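Given the sequences, and given the hints that come with them, work out the whole structure.
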Amino acid sequence: MSEKVFRDPVHNYIHVDNELIYHLINTKEFQRLRRIKQLGTTSYTFHGGEHSRFSHCLGAYEIARQIVSTFEQKYAQVWDRNDSLLTMVAALLHDVGHGAYSHTFERLFDTDHEEMTCQIITNSGTEINGLLRQIAPDFPEKVASVIRHTYPNKQVVQLISSQIDVDRMDYLLRDSYFTGTNYGQFDLTRILRVIRPTENGIAFKESGMHAVEDYVLSRYQMYMQVYFHPASRSMEVLLQNLLKRAKVLYQDLQTFFESSSPRLIPFFEQSYALEDYLALDDGVMNTYFQSWIDGPDKILSDLAQRYINRKVFKSITVDTKTEAHLYILEAIVNEVGFEPSYYTAIHHNFDLPYDIYRPNAKKKRTQIEILRKDGSLIELSQLSPIVHSLAGTVHGDSRFYFPKEMLQETGIFAQQSATFLSYIHNDQFSYGEHDEY
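Convert by adding 10 to the 1-based position in the sequence shown; the result is the number in this note's numbering.
None of these hints come from the bench; they were simulated from the model. This structure is a prediction, so every number in the text was calculated from the model and none was measured. A virtual CB, placed ideally from N, CA and C, is assigned to each residue, including glycine. Hints may contain errors.
FRET-style restraints, in silico, Cβ to Cβ [stated by the list, open to error]:
| no. | residue 1 | residue 2 | range |
| --- | --- | --- | --- |
| 1 | I275 | I303 | 12 to 22 Å |
| 2 | Q392 | K372 | 41 to 51 Å |
| 3 | D197 | L284 | 35 to 45 Å |
| 4 | S79 | L284 | 32 to 42 Å |
| 5 | R203 | E279 | 46 to 56 Å |
| 6 | Q392 | K321 | 46 to 56 Å |
| 7 | D90 | N436 | 51 to 61 Å |
| 8 | A428 | D197 | 45 to 55 Å |
| 9 | T121 | R375 | 49 to 59 Å |
| 10 | N436 | S301 | 39 to 49 Å |
| 11 | E279 | S399 | 44 to 54 Å |
| 12 | H435 | A341 | 49 to 59 Å |
| 13 | K321 | N92 | 15 to 25 Å |
| 14 | L95 | K308 | 20 to 30 Å |
Below, a list of computed lysine-lysine pairs in the BS3-like style, where the Cα atoms sit at most 25 Å apart [said to hold, decoys possible]:
| no. | residue 1 | residue 2 |
| --- | --- | --- |
| 15 | K308 | K324 |
| 16 | K164 | K373 |
| 17 | K84 | K324 |
See below:
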């Protein structure tokens, strides 16, 4: 086939010269990703962040394409060119199983986007599976094994999923670009020049160590400044409580939900199939939320209009000592007339920016290896004092979310608001300090 190109703001051009890749992009399962936001509720804070999982998956594929092309040309003695197509396909399809508002939806309805990705790849009823089987009967299972991290060639697995992989490299650059922030910028060109296949995975030449170091710092900054932004998390809390309310109400208002949001019924009943999952996207969900605004339940209606119209909850930070006393604030919220189970939430967001391989860890990480001039490998944090300071350390915070109305110092609830505010100092829950006043 003649080469196809996609114009891209991050990679300039995304090149497709393989017929399978081109046809996979045009499957209905992959095209569905155009209707799934890459950043979920983050676009309510950074208004430019409206890009889709579709563009991200294309970007991850493009980085993988460039890497395997280099490996084939320069490192044929270490890289098996038979794995090149597999790597590009896995990069393209790695997020195809993401659902509408995936992470929030997953927690509430017990779905798993990685498992759904594997189902889409291996289910004989999908267009994607039909194309993959044309390569070889076992090719779908090979692709799924890369997603599951069980494929025997660790080079392929680490390119798709590790602490520096094509997924992370694209989403950091792409999310940084579309949110209008500079935190996620790093020298991708340099990293692609120094990446090397090794016997047990991938490594990076020591001369390019600072580019890798910069990548780790960029990831840390994006999490702290963008992904963990309090307003984005507020919208996530609203979405979580809205869906939780709908799930509870379904038992008594089945007729309402059958008419207003029929594609959610299989999830309320915990009887969904793959086709039910694929029928949902962000647009479908938002349409349902708009219809709930006029529904019979006041809480559902209010939460829906708050979400649709971006009426964010406010928040304060809490720690392990003060969190146990949040019932005090919840009681004041309840006294004002807001049911705490739907109008408050404790939201935890923590990330481990980088860590070494720890064999006894619950979630093992593939450490970043640096290739020295003598051919030996050394772990990144042993050379970089900056990365060493981040290695193994968890960063983030816990926040208590509540209606903005609790901060109003005038009106009929002025007394309750004053009491509520007396527990807050410098945007923190100051239970201990309050006792000393």
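For each hint, the structure was consulted:
1. Here the CB-CB span from I275 to I303 is close to 20 Å, well matched to the stated 12 to 22 Å.
2. At roughly 24 Å, the beta carbons of Q392 and K372 sit outside the given window of 41 to 51 Å.
3. Separated by about 40 Å at the C-beta atoms, D197 and L284 satisfy the suggested range of 35 to 45 Å.
4. Hint check: S79 to L284, Cβ distance near 34 Å, so the stated range 32 to 42 Å holds.
5. In this structure, R203 and E279 meet the distance hint of 46 to 56 Å, their C-beta atoms being roughly 53 Å apart.
6. As the Cβ distance of Q392 to K321 is approximately 49 Å, the hint placing it in 46 to 56 Å holds.
7. Checked against the hint of 51 to 61 Å, the C-beta distance between D90 and N436 comes to roughly 57 Å, which is consistent with it.
8. A C-beta distance of roughly 53 Å is found between A428 and D197, which places it inside the suggested range of 45 to 55 Å.
9. Roughly 24 Å separates the CB atoms of T121 and R375, a value that falls outside the hinted 49 to 59 Å.
10. Roughly 41 Å separates the CB atoms of N436 and S301, a value that falls within the hinted 39 to 49 Å.
11. As the Cβ distance of E279 to S399 is approximately 49 Å, the hint placing it in 44 to 54 Å holds.
12. At roughly 19 Å, the beta carbons of H435 and A341 sit outside the given window of 49 to 59 Å.
13. The hinted window of 15 to 25 Å between K321 and N92 is violated, with their beta carbons roughly 54 Å apart.
14. The hinted range of 20 to 30 Å is not satisfied by L95 and K308, whose Cβ atoms lie roughly 55 Å apart.
15. Proposed proximity of K308 and K324 is supported: the alpha carbons are some 21 Å apart, at most 25 Å.
16. Straight-line distance between C-alpha atoms of K164 and K373 comes to about 17 Å, which keeps the hinted pair within the 25 Å bound.
17. A C-alpha spacing of about 54 Å is found between K84 and K324, which places the hinted pair above 25 Å, so the restraint is violated.
The earlier numbered hints that this structure contradicts are 2, 9, 12, 13, 14 and 17.
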